[in-house]
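Chains A and B, in that order, give the protein sequences.
Under my numbering, the residue at position 16 of the first sequence is numbered 16, and the numbers go up by one with no gaps.
Position in the second sequence (first residue = 1) + 1000 = my numbering.
Keep in mind that the hints were calculated from the coordinates and are not lab data.
Mixed in with the good hints, there may be bad ones.
For each label pair, taking beta carbons as the anchor points, the in silico distance ranges come out as [claimed, not checked]:
1. B/Lys1142 x A/Pro283: 39 to 49 angstroms
2. A/Glu33 x B/Gly1108: 27 to 37 angstroms
3. A/Thr326 x B/Lys1142: 28 to 38 angstroms
4. B/Gly1188 x A/Lys48: 53 to 63 angstroms
5. A/Leu269 x B/Asn1073: 28 to 38 angstroms
6. B/Ala1242 x A/Ser347: 56 to 66 angstroms
7. B/Asn1240 x A/Gly272: 36 to 46 angstroms
8. A/Lys253 x B/Lys1239: 49 to 59 angstroms
9. B/Gly1188 x A/Gln221: 42 to 52 angstroms
In silico lysine-lysine, DSS-like type, Cα no more than 27 angstroms apart, as pairs [to be verified]:
10. A/Lys36 x B/Lys1162
11. A/Lys258 x A/Lys171
12. B/Lys1197 x A/Lys297
13. B/Lys1085 x A/Lys282
14. B/Lys1139 x A/Lys297
15. A/Lys111 x B/Lys1085
16. B/Lys1016 x A/Lys12
17. B/Lys1219 x B/Lys1016
18. A/Lys297 x B/Lys1162
19. A/Lys36 x B/Lys1085
20. B/Lys1162 x B/Lys1078
21. A/Lys171 x B/Lys1143
22. A/Lys282 x B/Lys1162
23. A/Lys12 x B/Lys1139
24. B/Lys1158 x B/Lys1199
25. B/Lys1185 x A/Lys136
Glycine is no exception: its CB is placed at the ideal position from the N, C-alpha and C atoms.
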Amino acid sequence: MSSKRIKTPDRKGRFGQFGGRYVPETVIYALDELEKCFNTIKKDKLFKKELTALLKYYVGRPTPLYFAERFTEYLNGPKIYFKREDLTHTGAHKINNTVGQILLARYMGKKRIIAETGAGQHGLATATVCARFGMKCVIYMGTEDIERQAPNVDKIKLLGAELIPVHSGSKTLKDATSEALRDWVTNVRNTFYIIGSVVGPHPYPMIVREFQSIIGRETKQQCRNQLNGLPNIIIACVGGGSNAIGIMNAFIKEPKVKLIGVEAAGYGLKSGKHAATLSLGKPGVLHGSLSYLLFDKNGQIVLPHSISAGLDYPGVGPEHSFLKETRRVVYETVTDKQALNAFKLVSKLEGIIPALESSHALAYIIKAKKSFKKNQNIIVCLSGRGDKDMGIIEGL
Amino acid sequence: MANRIRDRLSTLGNRKLLIPFFTAGYPDLKTSMEYVRIAADNGADMVEIGMPFSDPLADGPLIQHSSHIALQNGVNLKSILNGVKRLRSNLSVPIILMGYYNPVRAYGDARFLKEAKVSGVDGFIIPDLTIEEASDFNKQIKKNDLSAIYLVAPTSSKKRIKMISEMSTDFVYAVTVTGVTGTGKIFGKETDTYLKKLKSILDKPFVAGFGVSSPESAKRLGKYCDGVVIGSALVQIIKNAATKKSSLTETGKFLNNIRKAL
């Protein structure tokens, strides 16, 4: 299957039937320009050199592949390794993408940067690179997320970014994204939109994949050194899906490596309050692309729910829809409660406080531990650190 | 069944098109359909009916508001088609449905366009369906002898303007500003230049919309194109009106003034 995999996305930005560009005409020229510049810059030696240096000295890469000894003992099953994206500068994988896109913005001569954020990690990572490169930065964030991810809000402001609260709709990532798109449509001539996940119109899913793929490339190399070969299973949480694509991309063509994405089941799949887009959604159009989506019988978007602000989104990146339909990746779910238990357990066992997003991937291992074998090696993408979630935990 | 848009365009002469927009279901479905009739009586050449969507990303605060209320009122594509059908018993003004793609796609392009035609709809504007993604949709447009109206923007290249013109069945919609609906912008030289450029490239009639809010702005834009679309300004009038009844009167008066200025 995977060896015959055609190159994605195709020229029209399609992953199979998914992806494309469903946006107001006003921004089409900007997407064309972005695609052209990205294709030029990614082959440029100076760009590569600068990006590599930033990733090493500023972001702190490579991040370790860590053997979670006591979590492994607790499970009494497979060996668990964490890919420590929580140890990057700003504490999540999001910065891999923003350092790449800020270089692209500078190359394109754009001076004003906008971004949407849910958990605040992408907002923080964007505000950080804007400070580093002296760019004007505007972050859109839903008011519910501003409340539940307060530490990141304070950091974003400290870094000199303007934070615009979004009161419409669900007051979370969905509406922050809509507002960011409205800003882009309005200020498209001087503004660069740094999208934080593998979502949005083409070429964004491709660009974000490119910048996040460093996670998987490092993991593969580390597996060679530390495990003497490939891992058996890779597990990552999926909201928009950028940490998952990031760690999985290098393994897509390795059919022996099983890939598992974990979505947020919120209060449970039957509760109607979840963010399990791939598990329970259907193909639809939102925020610029065709992908799995949560909507009602009238085509109106259904408000998702997850305890984790980063997974609380009704859509998912188009490549994940493609990977689901081609069955290269299996998508599972865990509830808020299961994620919280994993959050607490791993904090106590490993001295690592994982983000609530990443806790979904950890929770799945606990949930499905009987399905794994003792001789298997499992890599979990520990996409971010959990200090930002202390407010949510205290509020429970 | 004839296409009323084509008929209207063929008898237009020097008259500029006045195309008001109303969100179906705002403030309620029945009243919103009455605006269509009021508009026809006060100089509208065609009427756009907005199909509300939960996430209208090309729209400013006013149409976000009207869409939100309309959805709270339980409006859906089926009830909009029924509303149009009822109007059609004694109303001949061309009707264009405008809305985002997901509800249409969820209904099914083929089924929806067929039912729309039967209900008396004449054309469609789907602002997030770019020409690259529209080939299947356009097949259904042709099959049902409907009109597809695509948008050009100030940022569209000459090549794209031509492609958009080709995809549009009868006329083209020119977005006047880089931005969302309802900016209420004072139009300057830049807009004149842009519209003049369109005139020289397009071989189809075109109307200007986004930000047209007064008789003055309508008149100004009308000089360089074949007509104007007015949306958010009407939502504002309806929102400000003391009663539903007075919103009908105010709407009629406002459109009548625009008509005179055009």
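We went through each hint and held it up to the structure:
1. B/Lys1142 x A/Pro283: 39 to 49 angstroms: This hint is violated: roughly 24 angstroms between Cβ atoms.
2. A/Glu33 x B/Gly1108: 27 to 37 angstroms: holds, 35 angstroms
3. A/Thr326 x B/Lys1142: 28 to 38 angstroms: holds, 33 angstroms
4. B/Gly1188 x A/Lys48: 53 to 63 angstroms: The hint (53 to 63 angstroms, Cβ to Cβ) is violated, given that B/Gly1188 and A/Lys48 are roughly 44 angstroms apart.
5. A/Leu269 x B/Asn1073: 28 to 38 angstroms: holds, 30 angstroms
6. B/Ala1242 x A/Ser347: 56 to 66 angstroms: holds, 59 angstroms
7. B/Asn1240 x A/Gly272: 36 to 46 angstroms: Holds, since B/Asn1240 and A/Gly272 (Cβ atoms, about 37 angstroms apart) stay within the stated range.
8. A/Lys253 x B/Lys1239: 49 to 59 angstroms: holds, 56 angstroms
9. B/Gly1188 x A/Gln221: 42 to 52 angstroms: Hint violated: Cβ distance 57 angstroms, outside 42 to 52 angstroms.
10. A/Lys36 x B/Lys1162: holds, 22 angstroms
11. A/Lys258 x A/Lys171: violated, 36 angstroms
12. B/Lys1197 x A/Lys297: violated, 43 angstroms
13. B/Lys1085 x A/Lys282: violated, 30 angstroms
14. B/Lys1139 x A/Lys297: The hint holds at about 24 angstroms.
15. A/Lys111 x B/Lys1085: violated, 51 angstroms
16. B/Lys1016 x A/Lys12: Since the Cα atoms of B/Lys1016 and A/Lys12 sit roughly 38 angstroms apart, the hinted pair is violated (cutoff 27 angstroms).
17. B/Lys1219 x B/Lys1016: holds, 9 angstroms
18. A/Lys297 x B/Lys1162: Cα-Cα ~36 angstroms, so violated.
19. A/Lys36 x B/Lys1085: violated, 47 angstroms
20. B/Lys1162 x B/Lys1078: With Cα atoms ~34 angstroms apart, B/Lys1162 and B/Lys1078 exceed 27 angstroms; violated.
21. A/Lys171 x B/Lys1143: Roughly 41 angstroms between the alpha carbons, so the hint for A/Lys171 and B/Lys1143 is violated.
22. A/Lys282 x B/Lys1162: It is violated: about 34 angstroms lies between the C-alpha atoms, which goes past 27 angstroms.
23. A/Lys12 x B/Lys1139: holds, 19 angstroms
24. B/Lys1158 x B/Lys1199: Distance of about 12 angstroms is within 27 angstroms: holds.
25. B/Lys1185 x A/Lys136: Distance of about 25 angstroms is within 27 angstroms: holds.
Hint compliance for this structure: hints 1, 4, 9, 11, 12, 13, 15, 16, 18, 19, 20, 21 and 22 are broken, all remaining hints hold.
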